[in-house]
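Visitor: These are the residues of each chain, in order.
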Amino acid sequence: MTATAFRMLAALAAGLLFGLGLAISGLLNPAKVKAFLDIAGAWDPSLIFVLGAGVVVAFIGYRLAFAINKPLFDDKLHLPTSTRIDPSLIVGSAIFGVGWGLAGFCPGPAIAAVSLGLIPALIVTLAMLIGMLAHDRFAAGKG
Amino acid sequence: MDVYLAPIVGGALIGLSASLLMLLNGRTAGISGIVAGVLGQRGERFGHDIAFVAGLLLGPLAYLMIFGSAPQVAVSASWPLLIVAGLLVGFGTRMGSGCTSGHGISGLARLSPRSFVAVLTFLATAILTVLAMRLGGWL
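If you're matching them up, the sequences are chains A and B in order.
If you're matching positions, the first sequence starts at 1458 in the working numbering and goes up one per residue.
If you're matching positions, the second sequence starts at 29 in the working numbering and goes up one per residue.
Don't take each hint at face value.
Example chain A residues on the side facing chain B (calculated, C-beta under 7 Å, incomplete) [as the list claims (entries may be wrong)]:
| id | residue |
| --- | --- |
| 1 | M1458 |
| 2 | A1460 |
| 3 | L1469 |
| 4 | A1480 |
| 5 | S1482 |
| 6 | G1498 |
| 7 | W1500 |
| 8 | S1503 |
| 9 | V1512 |
| 10 | G1518 |
| 11 | D1531 |
| 12 | L1573 |
| 13 | G1574 |
| 14 | L1575 |
| 15 | L1579 |
Label-pair distances were calculated between CB atoms; the ranges are [to be verified]:
| id | chain 1 | residue 1 | chain 2 | residue 2 | range |
| --- | --- | --- | --- | --- | --- |
| 16 | A | A1597 | B | S106 | 28 to 34 Å |
| 17 | B | L163 | A | T1459 | 55 to 61 Å |
| 18 | B | S97 | A | P1502 | 22 to 28 Å |
| 19 | B | G75 | A | V1513 | 29 to 35 Å |
| 20 | A | I1542 | B | P108 | 30 to 36 Å |
| 21 | B | A160 | A | R1594 | 39 to 45 Å |
| 22 | A | R1594 | B | S104 | 19 to 25 Å |
| 23 | A | T1461 | B | P108 | 40 to 46 Å |
| 24 | B | S97 | A | H1535 | 16 to 22 Å |
| 25 | B | G165 | A | A1524 | 21 to 27 Å |
Think of the hints as simulated: they come from the structure by calculation, not from any bench.
We put the beta carbon where it would ideally sit given N, CA and C, even for glycine.
Construct the complete structure from the given sequences, taking the supplied hints into account.
Guide: This is the structure in structure tokens:
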């Protein structure tokens, strides 16, 4: 098998674990996400444990990966290079947060829930793809 | 599963996924960036990214096989609201270079200051949005 095939298999396995994790954690469920964000209502703080457990496990895995400094199926680590806290980062994140709050879907759960045959997830995903294309086509590099 | 155990187990699996992707392929598990790769913004990543998205779609089906029932997904938003929300999520995550996974899991695990700022920002506007909907009587 070629290195590309190994990389694709690894990505498939990682994606499956990610999707399974979303389903088990409750993050796949917009009603639960909205309850997590609804601090003035019947606040359900349980989703903070998803972030907590995810960051702790990824922190350990990343320490290991950075110590080895060479991925098994690739020549080098591909890490984000930007370190600037610029207006695009803040305005973009703020816009994303509004969209996340409106429907309770962030990108991972929206896509993953499509496989369950849920029309609302498909609508959000299609609109999200259009939003991404709109940014990359018209706004990228102008912010 | 227990109300707090399920988020911890699910979160740990997400962290394991991010760890594997870094250890094996040297890539961060940022969904919005991966989807952009599929959309053809970064050609050499296409195969890798489409494989990840295929796995992501299989995840809830794996849940169905393991637990014998589909995970609960309850959506209250109307179709127009879903469209507006999706457009904002898509545009915002590209402009802000990441979402709940890329900034929230991978970025925080790398102790990236950019990701700390991004996470605090989108959590704040998401909470304010839900608060505004509650005050407006839309919840």
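Visitor: Against this structure, judge whether each hint is valid.
Guide: Going down the list of hints, with the structure as the test:
1. This hint is violated: M1458 (chain A) has a C-beta 13 Å from the nearest C-beta of chain B, more than the 7 Å allowed.
2. With 7 Å as the threshold, the beta carbon of A1460 (chain A) stays out of range of chain B, its nearest partner Cβ sitting at about 10 Å, so the hint is violated.
3. The criterion of a C-beta within 7 Å of any C-beta in chain B is met by L1469 (chain A), whose closest approach is roughly 4 Å, and the hint holds.
4. Using the Cβ-Cβ criterion of 7 Å, the hint placing A1480 (chain A) at the interface with chain B is satisfied: the shortest such distance is roughly 4 Å.
5. The criterion of a C-beta within 7 Å of any C-beta in chain B is met by S1482 (chain A), whose closest approach is roughly 2 Å, and the hint holds.
6. At a threshold of 7 Å, the smallest CB-CB gap from G1498 (chain A) to chain B is about 6 Å, leaving the interface hint in force.
7. The beta carbon of W1500 (chain A) is not positioned within 7 Å of any beta carbon in chain B (closest approach about 10 Å), and the interface hint is therefore violated.
8. With its C-beta approaching chain B no nearer than about 5 Å, S1503 (chain A) sits inside the 7 Å limit, and its interface hint holds.
9. The interface hint given for V1512 (chain A) holds, since its Cβ lies 5 Å from the closest Cβ of chain B, which is under the 7 Å cut-off.
10. For the restraint placing G1518 (chain A) at the interface with chain B, the shortest Cβ-Cβ distance is roughly 2 Å, inside the 7 Å limit, so the hint holds.
11. At a threshold of 7 Å, the smallest CB-CB gap from D1531 (chain A) to chain B is about 5 Å, leaving the interface hint in force.
12. Evaluation of the L1573 (chain A) hint against chain B yields a held restraint, the C-beta minimum of about 5 Å falling below 7 Å.
13. Evaluation of the G1574 (chain A) hint against chain B yields a violated restraint, the C-beta minimum of about 9 Å exceeding 7 Å.
14. Annotation: interface hint on L1575 (chain A) holds; nearest CB of chain B at approximately 6 Å, less than 7 Å.
15. Evaluation of the L1579 (chain A) hint against chain B yields a violated restraint, the C-beta minimum of about 9 Å exceeding 7 Å.
16. Look at A1597 (chain A) against S106 (chain B): about 30 Å separates their beta carbons, and that is inside 28 to 34 Å.
17. A beta carbon spacing of about 56 Å between L163 (chain B) and T1459 (chain A) agrees with the range 55 to 61 Å that was offered as a hint.
18. The hint said 22 to 28 Å for the Cβ distance between S97 (chain B) and P1502 (chain A), and at roughly 25 Å that hint holds.
19. Against the hinted window of 29 to 35 Å, the Cβ-Cβ separation of G75 (chain B) and V1513 (chain A) comes to about 31 Å, which satisfies the hint.
20. Checked against the hint of 30 to 36 Å, the pair I1542 (chain A) and P108 (chain B) passes, with Cβ atoms roughly 34 Å apart.
21. Here the CB-CB span from A160 (chain B) to R1594 (chain A) is close to 30 Å, at odds with the stated 39 to 45 Å.
22. Here the CB-CB span from R1594 (chain A) to S104 (chain B) is close to 32 Å, at odds with the stated 19 to 25 Å.
23. The hinted range of 40 to 46 Å is satisfied by T1461 (chain A) and P108 (chain B), whose Cβ atoms lie roughly 42 Å apart.
24. The hint said 16 to 22 Å for the Cβ distance between S97 (chain B) and H1535 (chain A), and at roughly 38 Å that hint is violated.
25. In this structure the hint that G165 (chain B) and A1524 (chain A) lie 21 to 27 Å apart at CB is violated, the actual value being about 53 Å.
Hint check: violations occur at hints 1, 2, 7, 13, 15, 21, 22, 24, 25; the rest are consistent with the structure.
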